[in-house]
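Asker: One line per chain: the protein sequences are C and G, in this order.
Heads up: take any position in the first sequence, counting from 1, add 15, and you land on my numbering.
Heads up: take any position in the second sequence, counting from 1, add 605, and you land on my numbering.
Don't take every hint at face value.
What the hints assert, rightly or not - Quick list of in silico lysine to any residue cross-link-like pairs, SDA-like style, CA-CA up to 25 Å:
1) 560(C) - 591(C)
2) 420(C) - 610(C)
3) 420(C) - 394(C)
4) 560(C) - 594(C)
5) 72(C) - 646(G)
6) 72(C) - 608(G)
As the list claims (entries may be wrong) - Which residues of chain G face chain C? A partial, calculated answer using Cβ under 10 Å:
7) 666
8) 667
9) 791
10) 792
11) 794
12) 861
In case anyone wonders, no lab produced these hints; they're calculated from the structure.
None of these values were measured; they are calculated from a predicted model.
For every residue, glycine included, the Cβ atom is placed at its ideal position computed from N, Cα and C.
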Amino acid sequence: MTAPAVVGRWVSAPGAAEIVTGDARYCPDIRLPGLLTGKLLYAPHPRARIARLDVGKARAIPGVHAVLTHADIPGENSYLYAEPDQPLLAEDEVRFQGDAVAAVAAEDERTAAAALAAIEVEYEPLPGVFDPLEAMREDAPRIVAGEDNVIMREVYRTGDVEAAFAAADVVVENTYRTRWAEHAFLETEGAVAQLDDEGVLTVYSSCQAPHRDRMQIARALGLPESRVRVVTPYIGGAFGGKDEAHVQMHAALLAHAARRPVRLIRDRRESILTHVKRHPITVECATAASRDGRILAVRARAIADAGPYTNATYEVVNKFGEFIGGPYRVENLEVEKIGVRTNNPISGAFRGFGAPQAAFVYESQMDDVARELGMDPLELRLLNGVETGTRMYTGVVVRAGDAMKASLRRAAELIGWQGRTAQERQPAPQLRRGWGMATILKGSGLGRGLGDHAGVVLEMHRDASVVLRSGAADMGQGIVTVMAQLAAERLGVEYDAVRVVRADTAQAPDAGASCASRQAMVSGNAVLAAADSIRATLLGLAARKLRRDQAELDLRAGEVWADGEPSGLTVRELAERASAWGYPLHAEHVSHFEYPPDVPEASYRFSQEVFQFCTQVAQVLVDCETGQVQVERLVAVHDAGRMINPGGVYGQIEGGLAQGIGYALTEELVVSEGRTLNPSLENYVIPMALDIPALEMDVLEFPEPVGGPLGAKGIAESPIIPTAPAIRNAILDAVGQPLYELPMTAERVLAALDRAAPGAEDG
Amino acid sequence: MSEMSYMAPERLEDALAAKAEHGAHARVVAGATDLILRMRDGVLRPDLLIDLRRLALDAIELDGDALRLGAYATHGQLLADPLVAAHLPALRQACSEFAGPPIRNRGTLGGNLVNASPAADLVPPLLAYDACVILDSADGRRELPLAAFFTGPGQTVLRPDEILTEVRLPLPPAGTGAEFIKLGQRRSMAISVVSVAARLSLGAAGEVQVARIALGAVAPTVVRAAAAEEALQGHAPDAGRLRAAAGLAGGAATPISDPRASREYRARMVPVLVRRALEAAWSASREAAAHG
Numbered sequence: 016m017t018a019p020a021v022v023g024r025w026v027s028a029p030g031a032a033e034i035v036t037g038d039a040r041y042c043p044d045i046r047l048p049g050l051l052t053g054k055l056l057y058a059p060h061p062r063a064r065i066a067r068l069d070v071g072k073a074r075a076i077p078g079v080h081a082v083l084t085h086a087d088i089p090g091e092n093s094y095l096y097a098e099p100d101q102p103l104l105a106e107d108e109v110r111f112q113g114d115a116v117a118a119v120a121a122e123d124e125r126t127a128a129a130a131l132a133a134i135e136v137e138y139e140p141l142p143g144v145f146d147p148l149e150a151m152r153e154d155a156p157r158i159v160a161g162e163d164n165v166i167m168r169e170v171y172r173t174g175d176v177e178a179a180f181a182a183a184d185v186v187v188e189n190t191y192r193t194r195w196a197e198h199a200f201l202e203t204e205g206a207v208a209q210l211d212d213e214g215v216l217t218v219y220s221s222c223q224a225p226h227r228d229r230m231q232i233a234r235a236l237g238l239p240e241s242r243v244r245v246v247t248p249y250i251g252g253a254f255g256g257k258d259e260a261h262v263q264m265h266a267a268l269l270a271h272a273a274r275r276p277v278r279l280i281r282d283r284r285e286s287i288l289t290h291v292k293r294h295p296i297t298v299e300c301a302t303a304a305s306r307d308g309r310i311l312a313v314r315a316r317a318i319a320d321a322g323p324y325t326n327a328t329y330e331v332v333n334k335f336g337e338f339i340g341g342p343y344r345v346e347n348l349e350v351e352k353i354g355v356r357t358n359n360p361i362s363g364a365f366r367g368f369g370a371p372q373a374a375f376v377y378e379s380q381m382d383d384v385a386r387e388l389g390m391d392p393l394e395l396r397l398l399n400g401v402e403t404g405t406r407m408y409t410g411v412v413v414r415a416g417d418a419m420k421a422s423l424r425r426a427a428e429l430i431g432w433q434g435r436t437a438q439e440r441q442p443a444p445q446l447r448r449g450w451g452m453a454t455i456l457k458g459s460g461l462g463r464g465l466g467d468h469a470g471v472v473l474e475m476h477r478d479a480s481v482v483l484r485s486g487a488a489d490m491g492q493g494i495v496t497v498m499a500q501l502a503a504e505r506l507g508v509e510y511d512a513v514r515v516v517r518a519d520t521a522q523a524p525d526a527g528a529s530c531a532s533r534q535a536m537v538s539g540n541a542v543l544a545a546a547d548s549i550r551a552t553l554l555g556l557a558a559r560k561l562r563r564d565q566a567e568l569d570l571r572a573g574e575v576w577a578d579g580e581p582s583g584l585t586v587r588e589l590a591e592r593a594s595a596w597g598y599p600l601h602a603e604h605v606s607h608f609e610y611p612p613d614v615p616e617a618s619y620r621f622s623q624e625v626f627q628f629c630t631q632v633a634q635v636l637v638d639c640e641t642g643q644v645q646v647e648r649l650v651a652v653h654d655a656g657r658m659i660n661p662g663g664v665y666g667q668i669e670g671g672l673a674q675g676i677g678y679a680l681t682e683e684l685v686v687s688e689g690r691t692l693n694p695s696l697e698n699y700v701i702p703m704a705l706d707i708p709a710l711e712m713d714v715l716e717f718p719e720p721v722g723g724p725l726g727a728k729g730i731a732e733s734p735i736i737p738t739a740p741a742i743r744n745a746i747l748d749a750v751g752q753p754l755y756e757l758p759m760t761a762e763r764v765l766a767a768l769d770r771a772a773p774g775a776e777d778g
Numbered sequence: 606m607s608e609m610s611y612m613a614p615e616r617l618e619d620a621l622a623a624k625a626e627h628g629a630h631a632r633v634v635a636g637a638t639d640l641i642l643r644m645r646d647g648v649l650r651p652d653l654l655i656d657l658r659r660l661a662l663d664a665i666e667l668d669g670d671a672l673r674l675g676a677y678a679t680h681g682q683l684l685a686d687p688l689v690a691a692h693l694p695a696l697r698q699a700c701s702e703f704a705g706p707p708i709r710n711r712g713t714l715g716g717n718l719v720n721a722s723p724a725a726d727l728v729p730p731l732l733a734y735d736a737c738v739i740l741d742s743a744d745g746r747r748e749l750p751l752a753a754f755f756t757g758p759g760q761t762v763l764r765p766d767e768i769l770t771e772v773r774l775p776l777p778p779a780g781t782g783a784e785f786i787k788l789g790q791r792r793s794m795a796i797s798v799v800s801v802a803a804r805l806s807l808g809a810a811g812e813v814q815v816a817r818i819a820l821g822a823v824a825p826t827v828v829r830a831a832a833a834e835e836a837l838q839g840h841a842p843d844a845g846r847l848r849a850a851a852g853l854a855g856g857a858a859t860p861i862s863d864p865r866a867s868r869e870y871r872a873r874m875v876p877v878l879v880r881r882a883l884e885a886a887w888s889a890s891r892e893a894a895a896h897g
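In isolation and in its complexed conformation, chain G is listed as follows (with noise of 0.2 Å):
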């Protein structure tokens, strides 16, 4: 067995020459919640760990009306954090229902979405809030919208030289509402059996502008529904168009069976959770064009 190197460099400049050098070889490490479980199971095999923890990643922003968080942010300071709670609390809910305190403590942002698990939990609500990612590498940067992030379970259009390091998302505009909900089998350290975000941003009127719906663990990768959203868009909601639209989900999602649940189930909860997620929005929605 080979032996493995480890850095933790105080440049991110530093971190990007060590990726360019050792492309797939190099692994990076954030709060290794996922990535020492993969190397003691034999999955992954990197010859060396490069560590952000002195990078400040972590930093949570306004920056003009975009919100910015640093990719080695942890699931609990995007908790605990006010500008989450006052613009993102779809995020903030999964967040809180993300695994346990300790491992919320360890586990960061980037790394989950990294880790491109079809049930991330915090993937449905970032798409419904049109997050983009930021990706560095020796050659430059990349900004690409979330949803073109992922390509199938584990898989992503990361680069091997190429580094998360931010999460972009405009800042919701006013008379917005969101919801996250997760299905599990406990009500924590849970895997989602599925997971639901829905967001939307009402105009003047009541009407829909934007609607945003994203489903966790029922296909390779966390998926929009566009067809309900597409039903939603521009029309008043009322209780049956959000049922009508709920059940569009539905057509979104191709889940399988595993040892949680059976893809029977997971396709039979999709327009419920969605249905719910919708109700729930509406009312923030109504309450925030309000107060708003």
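Chain C on its own, in the form it takes in the complex (with noise of 0.2 Å):
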């Protein structure tokens, strides 16, 4: 077959004009006739019991709407991203900063915050539980009354761990911590509800999973999914923090009681108070090596920090356990993953989820250790690095490892990884400069043994434009752009010529959510056999007219082509002579992500087996007065597969590389007993462009043999997962000193400077 047309090459996305130029319609944008403002009152508490609720005064206020309480839901008062113990309103007690107390819908903002003023709580505050470990006393009071405080507490293990540490010439033994992060998305949380005459609830909805959306609004409303339609306008940005719903239920409750349209939106206070964050983990973790440089195994015990409901916690930890020996040959690997209630913010789903924390763990003990035995942390990683073939600690084999080591060295080669002089190590006396490295793995899919599926619907019409019509919710990561791609190229026409309907439960049936790296291989897939469908009518009619066998014919630009060349017949022609005697230019389908039969099933509980491995290198400059860190350079080295949209690859590693490096340096959740005290982007600080070196990213293409859409595979996760420990290795090159906690601030660079050189305080 000959090269494609259209896969591969760098297309805009449908819609960038607008999006550009702000003609793009986000949920806040969104206009119908007699709309309210909806708004919910959180807790003033991270924990207290709710003594007496009286709406009476607010639903008095002229202007008013609808006031409701848990006493009005029809339905469940739960969300269920899991488990159902997160209520939409709190009922007794609140238990975090982020419960909910009730809500309004009201004519216009002032009245619906005049509404919030006039109901009337009485708080009696309970002393909170803020430390996990405090939370795992027997004695601890019951964050959720019934549940117990630890969520999950499992242990993996494999090989003889035991004997294997006993055996080790070298054991680096060290305890990292992890804080909360935020996802700061340009758009916050919103939906728009609107109950139309035929008793049809259609909710607008800012999120990442519209199927499961519908069912949670359903369940909180006691209707049936078939009288509820979710719509995804534009949605900017989510990176995990959209996956489960947030106020989509209660726009609905709100619009359901008022019988007016109602938009609910999230101003960034409350969306930093209220939504999921990454988890923070405290992890002990200790690496055994022989003299020669191969480790020999891990043990590694994780203490995350859930926040008061389970949400994704049980998820994440799992896979933060997946990941924590990293790419490597780690024959003997034993981990216990516990996650813990307490009233602190509430962690869940965010870009990675669990694996940046296992990375900055397992890379940091990588350098520790080649610290330890003299040896080059490239050599290192290169000595343990697994391959295609390796069976990995939890029982997966590689299929497509070679990118592990050919990124390493990619990587290396682009920095310049060798040879350093002492002026450029010590350009000043304050200053110090370093190099570090990070090398990861991360897997695509929600693992085996888990419903993964997409569906889409496909169709031609007679002039040869195509409608594409999918769930899957596209929040700028650009799945939209990839499925028009790969229709295009296996239908024979060109990228524009395929609309997309943005995901519309009425429309398309369920993609899942778009996470865990998964919609453009599970979507991806799914387009291609439903445009398989529709190519074989086309090639059918063409060979008839033709005279040719359909193995000789292909589909491109517009024509059909015999022989490589390009036959005259277009394909307009055959889908208007389809469409004028019925043959079928409509298609269907639902693909599961693929696991191959022929591989042992891994003893790892829903393990992923399809990989992202990537290599970043950073060179940082250190103030050593003032430990400051500078970000001189960030190199990445990722392998995509196959690129479908090159420019979106690009973009998808260039914004992981930005949250790295705020992951790694500045961005911190700063709590004390369960309140947020920087609820702003003011004080919250991501990094900006100064922030952000030029980036130097290049992109391996080894084809993934099995679940891959023309070889190409998942890379929104791991642009994000090596930048906090290559930066943080590149500080320890540049001053000897191991830090063992994110961010990486100031503070916490002189600290760890102090510790080399005590007293040495003074300017």
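Build the complex: two chains, separate frames, hints provided.
Answerer: Here's what the structure looks like:
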């Protein structure tokens, strides 16, 4: 077959012009006749009993159309990401600062604010539990009545860890701490709900999982799902923070009660206080190595702070454990995974899903081991890295692992890993420069044994224009572009002949959540299969018309090609013929994430088996007097299997690197006794353009043999994962001091320097 | 909730008359980059907004041996102005590190002062240059040293009937060098964790005739480090003397902890940044003396 015509080309996203000019409509831009403003009343205490809740005065305010408490919810009063333990509106107790107590809908913003102020709530503050270790004690108060504070506690073991440690020449043992991190998506959470004349509730939702939202909305209202429709307008970023539903159910409840459309948008403060954060995890980790640099064993114990509710804690902490050995051949591994309830901010999905915390630990350990052995960190990684065919500590056999070492070598080449002069290392008395690397793997898909599928509907019209309907939410990551390219490729039409309908549950089948780097693969495969069905119709007609064997024909750029040449017969003529005579130009397909049946089942539960490999190398300049770290260079080499839309791939990498710099150095939700002290983007410090160096990126293409559409695989999560440990290792290289806590703020860097030279504090 | 009135008078007298009438219930609007946030958060609920935009208060000009900076001049205007570049490089530096271009193009000099944040970026260099503020009211005009203007975080001696209209600075003498250093959590759009401005004016023999050191974000207001200034006065500097003076500067700092930094970190940064600012100012002043 000839080279692809559309796949692999840099194309702009459908709607790119509208997005750039501000014409694209996001939730807050939706205008409907009679639209009301919705608002939620949030708890002022991280833990308190609700002694009295009276909304009478609020209801009496003119212009207030609905005031709801838990008692007004006709269906189930809970979210349902995993466990139904988080109420939509608190009943007898609030358990963190993000718990909502009441919902109002009013004519305008001001009236809604007045209604919130008129709600009378008497709280009896209760002593909160803010330390996971304390929450784990037998006598600790139960965060959720009737539920254990320990959400999960599992141990995974492989090999003989004790023996390996006993036989080791070197053991490196450290305790790591990571903190809550905020997604800081441009568009805060929002939803607009409208009840139509036929009793159907339409909810416009800034989300990652429209079909799961539909289920949750129906469940809260006690309606059949057939009466709920979820539509995704343009979505301004999510990164896992909109994986779970947020205000969709509240907006729907208000619209249902008020019989008027309701728009409910969280402001930035509410957004930061309420939605899930990246789990803070405290990890004790020990790594055993032989003198010649073989990693013999890894032992880790991780305690993650879940906040009060289950949400994605089980899955995130499980993924943490799945990657704690890194992309290395580790035959003996033991990881204890613990997730604990507290009255702190709620934790959940965030790009990487536990893997960034794991990578910070295992890649820091690798550099500490290298120092202990006096070995080049690059050599240590090359010596231990997985390859194609390696059976990992999870039991998973790596099917395409050549990118692991290839990315290491390429990244080392791009940065110029060897040979630094003293002048480079210390350009001024107080300045130290260093280089550090991190290499990771991250799986795509939800994991073996979990329902992981996506459906699409594809239709070609008589003029050969194409409509593609998918339930996959595009939050800016570009799945819409990828699907359009794959459809165009297979149907032999131009990219812009394919119109993708933004995810709408009334028009498209469930594609699952846009998470876990899965949509390009699972929805991509569904598009290919649906397109191939229509392609078969077209090629069948072409074969008859041209009197050729179908196998000799191809569809390309609007024409039928035979023997590598355009035949003169167009796809449009074929489409007209098919329409006229009733040949099918319509196809639906549901694809399942593929796990090859010929490998043994992995011993790690819900293991992922398609891996994103990548290596990043950072060059940093450390000011030893102020502790400030400047990232001067950042090299990123990523394996995408095969790029469908290169612009999208590079965009994912750029964005992940920027987020990674923030996670490494400045992003810290400052929480004291369950209260967030910096709920604004003024004081929650994400990097800006000047904090990000010119990024040096390269993409490797090692096609994925099974389950990747045309060899492509997910790329969404890996870019953020190695950045923090690469920067950490660069700081270590620069100043000779290891850090074990994120973010590595100027104060923490100075504290590390003080450990090296006690008393040397004078400027 | 009450309604709010708005006016954009064309004559200063009208603005002052309105301020005399409404006092604290009237707020002056310039760039509104702080005011809007405070109104949105309900901290300020003015009845009347008096917009200065038609009053042509943004002139930056030389008046004999003084520089006059109109209160309505934006950070962007100050940054682009040749007089500021020639005579007030530390102020220019502060403008360049203030927020980002969109806010620099809205936020004004007067707003930065009246807002009275201890972390206000323009205040340390203005103190180092011995700036005065002109406060106008229907009753007349007051001229005060900037050092006497601030009384606490968000607090000034500005009366409810007054409007800050201008900042005046003596032209720095020949042989002057100055530096502004801002320590923030990122390189733009950052609120200062600590900021320092230092100015040295050298005499013919290289001795310090004037030393000014101002510290931001380490006390309830921006403060001068008087003991450090005195230690330099009259002496020809060397690296050791600058370092010693920097060590004394810490005495003027009484920092607090907040989500941006701990008290200890701020206190520790004062001598570091003062030493760096003094070194740079000394180097610039020697160069100025050589070429002046």
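Asker: Hint by hint, note whether the structure agrees.
Answerer: Cross-check of the supplied hints:
no.: 1; hint: 560(C) - 591(C); in the structure: holds (13 Å)
no.: 2; hint: 420(C) - 610(C); in the structure: holds (24 Å)
no.: 3; hint: 420(C) - 394(C); in the structure: holds (10 Å)
no.: 4; hint: 560(C) - 594(C); in the structure: holds (16 Å)
no.: 5; hint: 72(C) - 646(G); in the structure: holds (24 Å)
no.: 6; hint: 72(C) - 608(G); in the structure: holds (23 Å)
no.: 7; hint: 666; in the structure: violated (32 Å)
no.: 8; hint: 667; in the structure: violated (33 Å)
no.: 9; hint: 791; in the structure: holds (5 Å)
no.: 10; hint: 792; in the structure: holds (4 Å)
no.: 11; hint: 794; in the structure: holds (5 Å)
no.: 12; hint: 861; in the structure: violated (13 Å)
Checked against the numbered hints above, the structure violates hints 7, 8, 12; every other hint is satisfied.
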